[in-house]
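Undergrad: Sequence:
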Amino acid sequence: MRAVQITEFGGPEVLKIADVAEPVPAEGQVLITVDRAGVNYADTHQVENSYLSKAELPLIPGGEVVGRTPDGRRVVALVGSGGYAEKAVAHAPYAFDVPEGVSDGDALALVLQGTTAWHLLKNSTHLKPGESVLVHAGAGGVGSLAVQLAKLWGAGRVIATASTEEKRKQVLELGADAAIDGDPEGLKERILEANNGKPVDIVLEMVGGKTFDESFDALARFGRLVTFGAASRQSAKAIEPGRLMKGSKTIAGFWLADCFKNPALLGDPLAELFGLAQEGKLRPIVGGDYPLSDIATAHEDLRARRTVGKLVLDPTR
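Residue 1 is where the sequence shown starts when you use full-length UniProt numbering, and the numbers rise one by one after that.
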């Protein structure tokens, strides 16, 4: 079968189409004929072996797929790796039935980015009605859903960062109350200005480096910042305990893989998200549908911040 396989770690240039053997499901696994595979920013880290969990070569990247099982079920599944292919295997508890009215792209957006946004707001920061929320990369896969969910769940003011005027316009259309440039220089001041001169209660942060530092400095008393990525590939400066104590601030971390030992931590939020999408209350954004043969371009576009929403791959092309 056709698949994207890497035999060395590196940038988008190491992503090559290869002819590999079809995967054989073990006991407790299901085989899926892939209609679309999801592309995530974490995949760019996996390909260069800079992710939280280390990879081994040779590797077929790709953490989630949507497609059909041999018995005809239409499922979206988290596979860990192996998704960039015509067929993939998933552990049965992590293959979720896709309801009518939810497209392939929507299902892929919700199974990983959607459940991430759900946990960031519900479990990591414990959003309360009326609180202000800052969402970094508001036009991205997680960000575009987090903006909408924060508004649905009663946030008082939602501020999103985005790198271009076009993206800032898009996040406003999704329901953000303000959209600002995410450049780290002067970011704290722009955050405060966008929040009517006041610090923010919640920050969803996935850039790292100076963006993390500026965002922390813009936190209100009892504010919560959750970090769930490092797109800048830079580390933030250390936070001394006294800086947390003054202002009673909280820093949390989130990694969706920590939910994998309990399928309900994924299935229950996903069912809620599917329902919201079916009711028209939540609109996943599919920002690019690439042929499998153009996977390197997809990674280049993602790393260069040229994309919005969820990116998907078509293994038939």
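None of these hints come from the bench; they were simulated from the model. Values in this document were obtained by computation on a predicted structure and should not be read as measured data. C-beta: ideal position from N, C-alpha, C; glycine also. Among the hints, a few may not be true.
[What the hints assert, rightly or not] Label-pair ranges, simulated between beta-carbon atoms:
1) Pro93 - Asp314: 21 to 31 Å
2) Glu100 - Gly242: 17 to 27 Å
3) Glu193 - Lys237: 37 to 47 Å
[Claimed, not checked] Under the rule of at most 30 Å between Cα atoms (straight-line distance), these lysine-lysine pairs were calculated in the DSS-like manner:
4) Lys122 - Lys198
5) Lys198 - Lys261
6) Lys210 - Lys54
7) Lys128 - Lys54
8) Lys87 - Lys249
9) Lys16 - Lys128
10) Lys261 - Lys188
11) Lys128 - Lys188
12) Lys151 - Lys188
13) Lys151 - Lys54
14) Lys261 - Lys87
15) Lys261 - Lys210
16) Lys249 - Lys151
17) Lys198 - Lys128
Undergrad: Which earlier hints turn out false for this structure, listed by number in ascending order?
TA: The structure breaks hints 2, 3, 5, 7, 8, 9, 10, 13 and 15; every other hint is satisfied.
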